[in-house]
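**Q** Listed below, chain by chain, are the residues.
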Amino acid sequence: MELFAFVTPLFLSLIVAGTFVGIVFGAIPGMTATMAVAVCLPLTYPLGLENGLALLLGLYVGGISGGLVPAILLNIPGTPSSITTTFDGYPMTRRGEGERALKIGIVSSLVGGLISLAILFLFAPVLADFAIRFSYVEKFLIIFFAMTVMAALSKDTLVGIFSGVLGIFISLIGVYDLSDGGNGKTRLIPPGLDYWLDSGFSLLPVLIGLFGLTAVLCEAELGVPRGLSRSEVKVGHSSRFSFSVFKGQMLNLIRSSGIGTFVGILPGVGGSAASILAYTNAKTFSKNRDNFGKGEPAGIMASEAGNNGLTGGALVPLLSLGIPGDSTTALLIGAFTLQGIQVGPLFIGNNPDTWNAMIFAMMIANAAMFIMMFFAIRYVALIVTVPKHILYPIILMMCVIGAYTINYGIMFDVWTLAIFGLFGWVAYHTRLEIAPFIIGFILGPSAEVYFVKSLESFGDPTIFFTKSWIAMVLWVLISGSILISLYLARQARRD
Amino acid sequence: MGDLTRVTIDFESSHLLFPTIIACVLAVLGLSIVVRERRSILASGNHWARIFSNMDKVRFFGTIALTLVYFSLMVPVGDMWPNTGMGFLLCSIPFVFLTGALFLHDRGLRPVATIAVVALVVPTLVWWLFTDVFFLTLP
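Top line first, the protein sequences correspond to chains A and B.
So for the first sequence, this note's numbering puts the first residue at 164; every next one is plus one.
So for the second sequence, this note's numbering puts the first residue at 131; every next one is plus one.
Treat the hints as calculated values from the structure; they're not laboratory data.
Since the structure is predicted, the reported quantities are computational estimates derived from the model, not experimental observations.
Take these hints with a grain of salt, some might be off.
[What the hints assert, rightly or not] Non-contacting residues of chain B with respect to chain A, defined by C-beta distances greater than 12 Å in every case (computed):
#	residue
1	Arg169
2	Leu172
3	Met210
4	Trp211
5	Leu239
[To be verified] Simulated restraints, written as ranges between beta carbons of each label pair:
#	chain 1	residue 1	chain 2	residue 2	range
6	A	Pro354	B	Ala173	29 to 37 Å
7	B	Glu167	A	Pro354	27 to 35 Å
8	A	Ile352	B	Cys154	18 to 26 Å
9	A	Gly347	B	Leu198	31 to 39 Å
10	B	Pro212	A	Cys381	30 to 38 Å
11	A	Gly503	B	Met185	39 to 47 Å
Every residue gets a Cβ at the ideal spot worked out from N, C-alpha and C, and that includes glycine.
With the rest of the complex left out, here is chain A:
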């Protein structure tokens, strides 16, 4: 069948391998799905787009799902998105119900992943079809809207906006490209670095530095905490898992998956927000709300359906508008760039095979995650004992390969990785927010082109308000997100 021409043994093997490696990364505290994608990105170069995406999407799904293992067994969220899984997962483990809690989390992850995939499949093409009509004005306003949403949902609105604008500013270093309609002149390059920064900082070394080197530095700062011994990992036998635990929880699962997907669609808002929102909602609407935090299965369901709901949601703005939904999907832009493909409203229509391959890969990755984790949970649980002193040096080495090979062997890209790795560590300690920074860095060059071209074409700044009804609707949304950010900032001050 032509439709599934991309389904080869290699394609399927890469999904399964990616999912497995993703679970390993997710299950080890301090390592994340984003890190897994950053480290494995260079491997996709010779694989081609579909096979490369198969690997990366497997890593993404596995990485988000793996975080539940240490969250439930050790009370340590493997990834930030599984923080709320600790609330009820760990109390269940203490009661000797570790295996049951893990399986509840795994099934909920599968439901969240599949519901978000269905929304991605149905919603992204519609949004892309609509976005094709956008002129430079609307495209600029969409980016502006994305930045305001990000700011509104940042931990600190002002710092969130600053981080995003800083990302834009740094992305503008280098030439105003002729291929984008620019004048070919350079700007913002520090003296003596003209040769190296003529095209600015490359995206992937920046991302690899921020998610690879920064994570290792943060762990090194803590002394690279000792791994656990096998005897310390207690899965528990006292209570058997049964699917009957999901009776009466369908609404919780669907609502949490929907919340996760919605949060995923919002640019720059991480999985932790998805799981926290889903958990809070589940608690609010539950009849057993007093049991939340004491080992209530519904809490694990909400948290895991919510954070896996993010996976499909974060791909919606990426594939329909070219705006990454989270930091991991920002890295996926790197995979597209490596293969010379631009994501945006035309992507799905022009690349139906790649689109189908992505949907299929996500579906298989979710199934593979479920099979691997559900039926081998006792072995998967042991991943948390993998020694970091072996993994981290290999990760650093892979980061170098990723940065070096991205532009066919430029050593400055490796130094870029070092610069942004250190910057990420400083940002971590100064409360600068990395997700808005990255989104700003990715969208900055496009924002410039759309802004300048709009003014060059129309010669009137009021065009941003008057161009079309879409522009007006976008301004309403922008105003709404600014009002929300002001409200949230005021609430935070009161608290």
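Guided by the hints, dock chain B onto chain A, whose structure is given.
**A** Structure of chain B alone, referenced to chain A:
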């Protein structure tokens, strides 16, 4: 009204328009943060002193030092055997070993031997994969 809001973009200086606007926005935001956080900024010396006093200095600065030496040596070593990726391989083996040993808590014979084996096998495997299978350039 139309004439009042009319702007003309000079193509020759158009590369400076957006960066200038963004720099101004950044300056305003930065200033706002400085004003709002003036107390914590003034006390930032203590913040950093606490970070440095609590950190594992050997492992943190050791990682930075090893990483910088690793990056610096790769090209000169690679230039001795051009286009073979030897710079990567010959620098990665000691880097993986030394970083692994730095992160290790109990430096007994067995864990050190494990790191030595990993340091030999993994970089060699990765080097072979990228140069002979993927045909990618390594330093």
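**Q** Work down the list of hints and note, for each, if the structure agrees.
**A** So, going through the hints one by one against the coordinates:
1. Against chain A, the non-interface label of B/Arg169 holds: every CB pair exceeds 12 Å, the least being about 14 Å.
2. For B/Leu172, the condition that its CB be more than 12 Å from all CB atoms of chain A holds, with the nearest at approximately 14 Å.
3. Separation of B/Met210 from chain A is adequate, the least Cβ-Cβ distance of about 16 Å exceeding the 12 Å criterion.
4. Interface exclusion of B/Trp211 from chain A stands, the closest Cβ pair being 15 Å apart, more than 12 Å.
5. Taking the minimum C-beta to C-beta distance to chain A, about 15 Å, the non-interface status of B/Leu239 holds against the 12 Å cut.
6. The hinted window of 29 to 37 Å between A/Pro354 and B/Ala173 holds, with their beta carbons roughly 34 Å apart.
7. In this structure, B/Glu167 and A/Pro354 meet the distance hint of 27 to 35 Å, their C-beta atoms being roughly 31 Å apart.
8. For A/Ile352 and B/Cys154, the Cβ-Cβ distance of about 19 Å falls inside the hinted range of 18 to 26 Å, so the restraint holds.
9. Between A/Gly347 and B/Leu198 the beta carbon distance is about 34 Å. The supplied range of 31 to 39 Å therefore holds.
10. For B/Pro212 and A/Cys381, the hinted distance range of 30 to 38 Å is satisfied, since their beta carbons lie about 37 Å from each other.
11. The supplied range of 39 to 47 Å is met by A/Gly503 and B/Met185, whose beta-carbon atoms lie about 43 Å from each other.
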